[in-house]
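Residue numbers (my numbering), protein chains in the order written: chain A, 30 to 312; chain B, 30 to 312.
Since the hints were made in silico from the structure, they are not lab data.
Ideal Cβ positions, reconstructed from N, Cα and C, are used throughout, including at glycine.
Hints may contain errors.
[What the hints assert, rightly or not] FRET-style restraints, in silico, Cβ to Cβ:
| id | chain 1 | residue 1 | chain 2 | residue 2 | range |
| --- | --- | --- | --- | --- | --- |
| 1 | A | LEU275 | B | PRO273 | 48 to 56 Å |
| 2 | A | GLY155 | B | ARG161 | 47 to 55 Å |
| 3 | B | ARG161 | A | ALA236 | 25 to 33 Å |
| 4 | A | ARG246 | B | PRO83 | 50 to 58 Å |
| 5 | A | ASP121 | B | ALA58 | 56 to 64 Å |
| 6 | B | LYS54 | A | PRO83 | 31 to 39 Å |
| 7 | A | GLY72 | B | ASN104 | 25 to 33 Å |
| 8 | A | GLY261 | B | ARG90 | 19 to 27 Å |
Protein chains: 2
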Amino acid sequence: MKILFVFAHPEPRSLNGALHDVAIKELEALGHEVRVSDLYADGWKSEIDRADFPTLAPDARLKPAAASGEAFAGNSLTADVKAEQEKLLWADMLILQFPLWWFAMPAILKGWVDRVYAYGFAYGVGEHSETRWGDRYGEGTLAGKRAMLLVTAGGWEEHYSDRGINGPIDDLLFPINHGILYYPGYDVLPPFVAYRVDRLDEAGFAAVAERLRERMRTLGSTPPIPYRRQNGGDYLIPSMRLRPELGEPDAAGFALHLNGAGAAGQPMQNQNPPASDRTRYSV
Amino acid sequence: MKILFVFAHPEPRSLNGALHDVAIKELEALGHEVRVSDLYADGWKSEIDRADFPTLAPDARLKPAAASGEAFAGNSLTADVKAEQEKLLWADMLILQFPLWWFAMPAILKGWVDRVYAYGFAYGVGEHSETRWGDRYGEGTLAGKRAMLLVTAGGWEEHYSDRGINGPIDDLLFPINHGILYYPGYDVLPPFVAYRVDRLDEAGFAAVAERLRERMRTLGSTPPIPYRRQNGGDYLIPSMRLRPELGEPDAAGFALHLNGAGAAGQPMQNQNPPASDRTRYSV
Numbered sequence: 030m031k032i033l034f035v036f037a038h039p040e041p042r043s044l045n046g047a048l049h050d051v052a053i054k055e056l057e058a059l060g061h062e063v064r065v066s067d068l069y070a071d072g073w074k075s076e077i078d079r080a081d082f083p084t085l086a087p088d089a090r091l092k093p094a095a096a097s098g099e100a101f102a103g104n105s106l107t108a109d110v111k112a113e114q115e116k117l118l119w120a121d122m123l124i125l126q127f128p129l130w131w132f133a134m135p136a137i138l139k140g141w142v143d144r145v146y147a148y149g150f151a152y153g154v155g156e157h158s159e160t161r162w163g164d165r166y167g168e169g170t171l172a173g174k175r176a177m178l179l180v181t182a183g184g185w186e187e188h189y190s191d192r193g194i195n196g197p198i199d200d201l202l203f204p205i206n207h208g209i210l211y212y213p214g215y216d217v218l219p220p221f222v223a224y225r226v227d228r229l230d231e232a233g234f235a236a237v238a239e240r241l242r243e244r245m246r247t248l249g250s251t252p253p254i255p256y257r258r259q260n261g262g263d264y265l266i267p268s269m270r271l272r273p274e275l276g277e278p279d280a281a282g283f284a285l286h287l288n289g290a291g292a293a294g295q296p297m298q299n300q301n302p303p304a305s306d307r308t309r310y311s312v
Numbered sequence: 030m031k032i033l034f035v036f037a038h039p040e041p042r043s044l045n046g047a048l049h050d051v052a053i054k055e056l057e058a059l060g061h062e063v064r065v066s067d068l069y070a071d072g073w074k075s076e077i078d079r080a081d082f083p084t085l086a087p088d089a090r091l092k093p094a095a096a097s098g099e100a101f102a103g104n105s106l107t108a109d110v111k112a113e114q115e116k117l118l119w120a121d122m123l124i125l126q127f128p129l130w131w132f133a134m135p136a137i138l139k140g141w142v143d144r145v146y147a148y149g150f151a152y153g154v155g156e157h158s159e160t161r162w163g164d165r166y167g168e169g170t171l172a173g174k175r176a177m178l179l180v181t182a183g184g185w186e187e188h189y190s191d192r193g194i195n196g197p198i199d200d201l202l203f204p205i206n207h208g209i210l211y212y213p214g215y216d217v218l219p220p221f222v223a224y225r226v227d228r229l230d231e232a233g234f235a236a237v238a239e240r241l242r243e244r245m246r247t248l249g250s251t252p253p254i255p256y257r258r259q260n261g262g263d264y265l266i267p268s269m270r271l272r273p274e275l276g277e278p279d280a281a282g283f284a285l286h287l288n289g290a291g292a293a294g295q296p297m298q299n300q301n302p303p304a305s306d307r308t309r310y311s312v
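This is chain A alone, in the form it adopts within the complex (with noise of 0.2 Å):
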């Protein structure tokens, strides 16, 4: 496979870092193709501004969304968003590594998804009609392509459980997979999540590393997260609500949009994710 891992961290010499290697290292005696996006090492623009359009009139009023859909189809962002673009388009694996501030991405890692994930690119994709809704939610341009988030937290891992006072790390981080790699298309694998990275010791970390080698050896067989597709039947259209007649009479939130899903927090069928990823995805 070819593989493209964004990484998000700004020291080199950290676990963020270490785990990058172990899991560069598996993956390039597995035989993939491996290549970084090192946004702090590269000096990544994080804020979306009138820089990114050169061809905006300068007194014209700057439409984000608009202003990226005219770049976009006129060839005319600039260099750094079309290298990372043509990243996406070559990678069969999207791997977003970085450490969870404040329960979301850093500043930098979010830059990179409001810049790169132009309209006509990652949305603006497809037509509307009375059985379609555009090309977004497992169909667009990445689709047929698999993408996964590598997380490490300083927080317990209990904390971040079905009942655990920060959430569920899974409902903390649907905004990303289902909002950000499912939207434009990608299968989007359970997250890799190593807690209370702060505290780790020698053998701490050996664990969490023979613990992600055995993710990367098992990429292209992990059943993605069983996402429901937008335009598969299940969303009534305009409304893009749930049929009524699905998902389980007590479901409610983030879960009623897993097939074959039942309430929040209970198992979901069809799949088998490694034992060792204690997340809602797993047994």
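Once you've looked at the hints, dock chain B against the given chain A.
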């Protein structure tokens, strides 16, 4: 009241800019004192990196949390970060205003959180014991103050409803409302959300503006989202899991962390937000 806006849109001549003006005009007419951090206009730096910690030795490994804690304790954070912290301490009320890009904040605002929320200021506060797990989730540096989100979204309101394909707006905003605002102590008001903002005509804008003015008039009286306090006895320590006897048997996900909440998506008790905000928190 003293009110701080943190504003994150690159174009003043945008709907966000217009709503910003509407809100401030209303607040000033009511006699409130308003200050604004206009992140794009101020050239806010988004990425947390070594430059944030001028006293860190050049060859020292950058550990963001540790470096942040040392710089906060030693009063050596950069001037831009210190100015924002002072504004947060000054304000009785914080309003984060932004367009919802990819179901999250723009990168520049996430970078404001990543950099301003220093260790010792917004986290790493308070003691750990058998009855307390630090001052967070309802306690902390910013306790006793109020906060709310003012958000615009391009998509339809139905797409963000309880069964909508994007996921419910209140769940999408939970990582911000609970994880970023409630965490350091704020009482968090229900968000103000404007939908389909790319298609607003004059009458549509007038309706949104009046709904916003009404929210500005009721900032002091609107009941906050009834999140559970961490150290109030609802959570087990140190697992920080909600006690098994709390929450309805079939409740799951983020809704568990609402006091008096039943299953996700059901109305809460003890609150009466404006009926015009058709979120989970309104009737």
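Status of each hint after checking the structure:
With their beta carbons about 30 Å apart, LEU275(A) and PRO273(B) fall outside the hinted range of 48 to 56 Å. GLY155(A) and ARG161(B) have their C-beta atoms about 52 Å apart, which keeps the hinted 47 to 55 Å range intact. Look at ARG161(B) against ALA236(A): about 30 Å separates their beta carbons, and that is inside 25 to 33 Å. Checked against the given bound of 50 to 58 Å, the beta carbons of ARG246(A) and PRO83(B), roughly 43 Å apart, lie outside it.
One distance hint, 56 to 64 Å for the beta-carbon pair ASP121(A) and ALA58(B), holds here, with the actual separation near 58 Å. The hinted range of 31 to 39 Å is satisfied by LYS54(B) and PRO83(A), whose Cβ atoms lie roughly 35 Å apart. The hint said 25 to 33 Å for the Cβ distance between GLY72(A) and ASN104(B), and at roughly 29 Å that hint holds. At about 48 Å, the CB distance of GLY261(A) to ARG90(B) disagrees with the hint of 19 to 27 Å.
Against the hints set out earlier in the document, violations occur for numbers 1, 4, 8.
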